[in-house]
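**Student:** These are the residues of each chain, in order.
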Amino acid sequence: MTKRIGLAVVLLASIIFPRVFPNPAVMTIAIFTLLYATATVAWNIFSGYTGYIALGHAAFFGIGSYALAIMCVNWRIPGGNIPFVLVPVAGLIAAIFSIPIGWISLRVRKHTFVVITIAIFFIMQPMAFNLRSITQGSIGISLPIPHWSNVSFHLPFYYYALAMLILAQIVSWWIRNSKYGLGLLAIRDDEDRALGLGVNTGPTKLIAFVISAFFVGMVGALHAYFQGSIYPAFAFDPLFDIAIALMGFLGGLGTLSGPILGALILEPTQRYFTIQFSANGYYLIIYGAQKVLFRLWISIG
Amino acid sequence: MTLIVDTVITGILTGGIYALMASGLTLIFGVMDIINVGQGALVILGAYLSYFLQQKFHIDLFAGLLITMPVMFLLGLLLEWAFIRPIKRDRPTLSILVTFAIALIIEGILGIAFTNNVVQLQAWYVTASFQVGEFYIAYIYVFGFGLSVILLAGLYWLLYRTKFGYSLQATMQDRTAAQLIGIDVERVSMITFGIGVALAAAGGMVYGATYAFNPGSLYDLISRLLVIIILGGMGSLRGALIASLGMLVIEDVTSVIWSPIWATTVFFILLIIVMIVRPQGLFGRLEGRKQ
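Top to bottom, those sequences are chains A and B.
The first sequence lines up with residues 1 to 301 when you count with my numbering.
The second sequence lines up with residues 302 to 592 when you count with my numbering.
Wrong hints could be hidden among the right ones.
Unchecked claim - To be clear about the criterion: a stretch of chain A counts as covered by chain B if any three or more of its residues have a C-beta under 8 Å from a C-beta of chain B, and this derived list gives those stretches:
(1) 107-114
(2) 125-137
(3) 240-249
Note that these hints are calculated values from the structure, not bench results.
Just so we're clear, the structure is a prediction, and the values are computed from it rather than from any experiment.
Even for Gly, the Cβ is constructed at its ideal location relative to N, Cα and C.
Could you build the full structure based on these sequences and the hints that come with them?
**Tutor:** Okay, here's the thing in structure tokens:
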């Protein structure tokens, strides 16, 4: 019962949050935090539950971004509400891409899997640069700009991101409490025994991979729309991989609320540092040092 | 036709340089079960160290290795002791996060110290070339290839002819068992990491002399190195050597007969084919079914 009240309070607080802090800088940080929280929850659905640590989800983030940008440009969609409708479509496209990627990379066991996901990500980024006819290469693509007034500009993004987070969390919760989720956890604990006990491990893993790619693709699409323009280096950002994995680890791998907690702790601090130090190269150093510190914290507690 | 022959020869020569960097990476994985994503950054750091020595003290690139390799070896020991050893659980994954953080820090420091402008190491053998048949090859390719042959031969000698090498192999095969028969596994891991980083320094020097680079080049490097060690089979030294030569030849040939833009994509396609046909890589052992 207390848990339900707590949940209701958190939900209410996040709904009225924009009314209390209408400051655009705060709202921007809040939106990024929600986006990263969604991505971490989605990442956790696959990596947390199965124990297969994927470090290439930025590829789906990038595919989602580009899918939305290309749809908007090709169909000449004006800024406004229509791109929001297209965000799930972009997620779906990312999910479709994830099927062959998952099928190939899930043929190997854990350690090699990690490296393959990284490798696949690092190959997607140059492709975004090189497939100029589709992605316009390093020039990037500009998305339509919504015509809302300055005061309420952030609100639709905020609530959309919040809705995505809630949806992802419900899916995560549902998986955790279903027979399917038990199969995933069995894979994490002992894949061969799970196979022996009748868990169809291959499709089980792949489905979780695709679900998490879908959400990460949506996050990428909304992120692109919010930023207004995308470039290969930012759409396919290795920092994104590391960030969501670190958030997942920080909050507790395979837990329900852990990923959100991790994102809530890490993302605002990262944004703050980036804003403070982005003018010079120091933010990379701080970024790295911060990760090392958090890692030490993880290994202690 | 001569163009193809020329490309194949250049591919083999550059492949030798990649073999140097990849062997460090695969060795570290084999012994310590960690994936050093920072290897690309360490290679670039090695290149910048050579650059620094050359610009400030006018030390020849190859002579400079006598300084940079021991320095990088010590740096490797330090990194292992400070960041890798404290990781007690989830080693493979957390080690990736940590080494990635190290890579970011190195990238940031290099960006401040040397700016993000593209530089290339200079020496007479970088620009001068000699004629083989109908085409020209810059001396640096041959010298670099010679260097990697010497260093890799030294590595093989160390692995298969010395007591340290035996303990290293034992650790590779079974960490716990090696510990039980009295091998100081921590010390072996530390030295292995140091060797891997020192090899990155040597690879970095030749890389810096053959390609223009800046601190951001590490992403390009690490993606290739990772694909190479997957293809060769994780932890297999022989696999890494053959995969480097093969991949670079294929990449160079693709860029000549098709377009340089698509050369990296060939890496991807090869990776997919190998993953479908032979998931454990060319020379990899099947991973234990127990984890």
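**Student:** Each hint should be assessed against the structure and marked as holding or not.
**Tutor:** Here's how the hints hold up against the structure:
| no. | hint | result |
| --- | --- | --- |
| 1 | 107-114 | holds (count 7) |
| 2 | 125-137 | holds (count 4) |
| 3 | 240-249 | holds (count 4) |
Every hint from the earlier list agrees with this structure, and none is contradicted.
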